[in-house]
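If you want the building blocks of each chain, they are given just below.
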Amino acid sequence: MSIAIGRWLREPLLQFLLTGLLLFVGYHWANHGSGQPDSDGRIELTADDLRQIRFAWLAQGREALSPEQMRRLVDARVREEILYREALALGLDKDDTIVRRRMAQKMEFLFEDVAALRDPTADELRAWFEKNAERFTLPARATFRHLYFSPDRRGERARDDAARALAKLAGEPADGPAAATLADPFMFQDYYGDRSFDEVARSLGPGFARALFELAPGAWSGPIESGYGWHLVWVDSITPARVQAFEDVEADVRREWIEGQRAEIREGAFEAMRARYEVVLPKDLDAADLANLRATEVERPEGPR
Amino acid sequence: MPNNMNLHRNIFFKDCGKVPAMPFSALDSKHPVDLWSWMDGQRKAGNDLLAISHNANLSDGRMFPTEVDTNGRPIDAAYAASRVRNEPLIEIKQLKGTSETHPLLSPNDEFANFEILSVLLGNPPGRIAHVVGSYARQALKDGIALEDSKGFNPYRFGFGAASDSHNTAVPYRQDNFFGGHSFTDGTIEARMSGTLVGGMFDARLEGTSGLTGVWAEENTRASLFEAMKRKETFAVTGPHIQVRFFGGWEYGPDLVKQKDWVRTGYAKGVPMGGDLPPAKAKAPTFMVWAVKDPTSGNLDRIQVVKGWTMSGQGFEKIYDVVWAGDRKPDKWTGVVPPIGSTVDVENATYTNTIGAVELKTVWTDPEFDPSLHAFYYARVLEIPTPRWTTLQAKQLGIAPPDVVAPTVQERAWSSPIWHTPSAEARKAAPRSTTVAELTQKGAVALNDAQLKALIVEKSIWLQNTVTGDKYMIIYGALGKGPDAKPLTPSDPGYVTQRFPVNQGQFQIRYVGKKVAMQSLTGDTVEASYLGTSRTYNIVDGKIVTELVGTPIEISVYKLADKYFGARSNEFGYANFEIVPAVAQLSPLGAAPR
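Residue numbers (my numbering), protein chains in the order written: chain A, 1 to 305; chain B, 1 to 593.
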């Protein structure tokens with residue numbers, strides 16, 4: 001029985017409805033007696049309402065309100081209230097894109113609030129990590145040195161020069177004396193330690209990065225083209241991509257779990273609502289002829305800044 | 001944005017932990033000086049911050065004023081101090097145009113015509129955007145002219161560039177340009193249809209977003225902030241071109257070839273954004289280095305842009321200092337010919353078979369005068385590559401747009417380095433006369449009638465007493481009003497009699513490319529060659545001309561039998577004298593010009 005209730009309590013829709021109810025009751029209670037729509041043609045601003053007006057003003061970093069300014073703000077508030085009520089009475093909230101969007105957005109916010117209600121248990125979190133471990137992969141990293149063959153100095157010969165130098169370097173160690181004399185000075189580093197694909201791509205271009213991670217360590221290889229010219233490369237080591245230990249990424253796992261939970265609840269709650277509706281559409285969605293409806297761009301009154 | 005003049009600033013805080021509860025907004029004030037006061041207050045409260053001016057090219061000439069601020073208060077030492085304290089950087093390039101310079105401000109700069117966008121935000125009907133006061137190079141020149149003539153310089157700034165994207169993503173590459181204004185330019189069809197963004201400019205004129213480079217000790221917020229504050233920054237049009245620029249007196253010609261040249265750069269001089277130390281040699285030397293973006297076009301050349309001032313006039317000159325390939329600079333002008341182009345416009349492709357990966361050199365100013373205020377900055381140009389409009393036209397199978405160039409030369413700008421003459425050196429500066437000095441000697445300003453008698457329907461030879469250059473101005477007939485007698489078509493006044501009262505046309509003649517024209521004269525070489533004219537009026541004792549709607553007034557003073565002219569943008573100097581007609585413009589055997 002208790003298991004059944006427990007499962008039932010974890011149902012997203014129920015959680016959602018309970019929270020909604022709570023918010024509704026709380027909101028109603030908190031706003032009782034303030035200048036909200038009322039059917040009797042009476043608008044009453046309470047001391048708290050006035051306090052809120054003052055506070056909103058001060059929160060913008062301004063000087064305290066003068067009595068005259070206060071009077072004008074109160075007038076504006078009353079004006080807004082009257083117009084709002086009259087607009088409601090005329091049904092101006094119906095079929096208004098902005099109002100609809102805003103209401104739908106408020107529902108999405110409600111979903112989000114529900115999702116933040118619960119923290120995962122340690123077991124839950126670890127189990128979830130096991131299932132989603134690949135999300136916490138560290139990228140492969142390469143440590144390498146290179147010799148640069150500059151098209152500025154060698155023009156079209158740069159590639160061939162690099163190839164010839166490679167032949168001379170056969171069997172040579174990475175820091176052998178021959179290496180230094182064959183190539184051109186490079187503008188940046190001759191040695192790159194522990195770089196990810198993205199870091200290499202940023203420094204030398206994506207083509208170079210792709211070729212680099214295919215190389216076998218411990219020998220001169222190439223020529224490889226970068227965004228700057230041709231290179232011979234000696235890879236010291238390539239650390240393959242690896243999944244991190246749970247303990248090292250627990251905070252990230254928790255964040256992702258909550259985010260996942262949020263999406264699940266949002267979609268679950270929405271699906272439950274969706275189930276109560278029958279949606280009727282034309283058979284062929286593409287059949288409508290929009291050719292003549294193609295809108296011309298409308299000038300916006302206020303331009304970009 | 002008072003009256004559609006874009007005066008926005010981006011504010012950067014040193015410490016995220018200390019930002020104020022609310023930003024200072026246009027609701028608080030529309031005047032930049034008030035923003036700076038607020039920033040001073042923040043700084044006093046321990047919250048260091050800096051401002052970067054945004055989109056000067058859309059400021060309607062109000063970003064870099066020389067006379068009054070937006071409150072109508074004079075630009076003075078207090079204004080300059082407040083601005084320099086708070087605003088070390090300006091945005092030189094972004095999606096809505098470039099703010100470096102404009103072809104009418106820099107007529108001898110063949111690369112000035114780059115991503116120009118001269119409009120007003122909100123497109124107020126009946127208003128033409130002002131060019132004067134909207135561009136950085138002019139402001140730098142005006143700044144040193146103000147410093148020389150009045151003792152303060154509001155325009156000591158470095159360069160940055162930014163996105164101005166309104167999409168939260170930055171379209172900084174030609175090959176991935178996705179617009180910057182949500183739905184108005186968010187699809188290739190919307191962009192390439194020439195949608196008028198906000199009803200004010202053709203989406204095809206949008207350029208790629210710029211980026212700011214910062215040379216800092218380490219990649220931390222505090223270190224980057226300090227580097228921005230000291231202006232050790234550069235701007236790029238999108239590609240990650242890297243540029244370094246050092247100035248000093250002791251850099252040897254081969255220094256740049258040494259491995260630790262950057263260390264020496266700092267040890268023996270100043271990096272970009274700095275001031276040259278006191279002179280130790282006849283002329284300063286500059287080390288400049290640039291490397292291409294590994295995923296973009298090769299480099300064409302590096303130029304040094306120099307500005308200087310004499311007697312209230314601003315001048316500029318561009319030197320090609322290092323370039324790709326074996327091109328020979330022109331024997332007489334030193335200008336390096338264009339690099340050519342590998343762009344296939346029809347297929348929207350290019351190759352890196354021309355240009356260089358890396359360019360570096362040590363350059364000495366060959367025309368240095370230690371008595372003059374000057375600034376120097378480096379400009380790096382890529383080889384031509386297809387503009388995004390060309391790439392997207394190819395994608396759509398349509399012709400590249402006729403409203404923009406099919407190719408661009410992407411570029412980078414280093415922040416300037418300034419030379420301030422020592423008090424001793426400044427005494428030797430060539431100096432022309434001031435209005436105050438003339439009046440003291442008894443010179444009298446001409447009134448309207450005297451001005452008319454002196455110049456109207458006359459061809460006047462003038463000498464710029466600062467440069468020594470002489471040229472002619474033809475002042476055509478002024479409109480005489482409705483009761484002028486009807487003229488026959490053979491009468492010269494048959495056309496001009498229909499001008500409004502006191503308005504005529506003037507034409508400048510005999511200006512060649514080597515004449516160092518001072519600031520705000522427009523393209524006088526082209527005018528001389530094409531015979532174009534501009535409007536002038538005689539009003540309230542002044543000859544009133546204009547440059548894209550900004551009035552430039554000339555007062556004329558008579559001293560004995562001599563006439564001196566003072567232009568309103570030359571800070572109190574009277575730099576022109578009426579001289580006898582010249583018979584030969586370039587007599588053989590005379591000292592070469």
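Hints in this document: simulated from the structure, not taken from any laboratory.
It cannot be assumed that every hint is accurate.
As the list claims (entries may be wrong) - Here are the computed lysine-lysine pairs in the BS3-like style, where the Cα-Cα straight-line distance is at most 30 Å:
(1) B/280 <-> B/394
(2) B/257 <-> A/168
(3) B/259 <-> A/168
(4) B/257 <-> B/328
(5) B/331 <-> B/394
(6) B/458 <-> B/282
Everything numeric in this text was worked out from a predicted model, so none of it was measured.
Unmet hints by their number, sorted upward, for this structure:
1, 5 and 6
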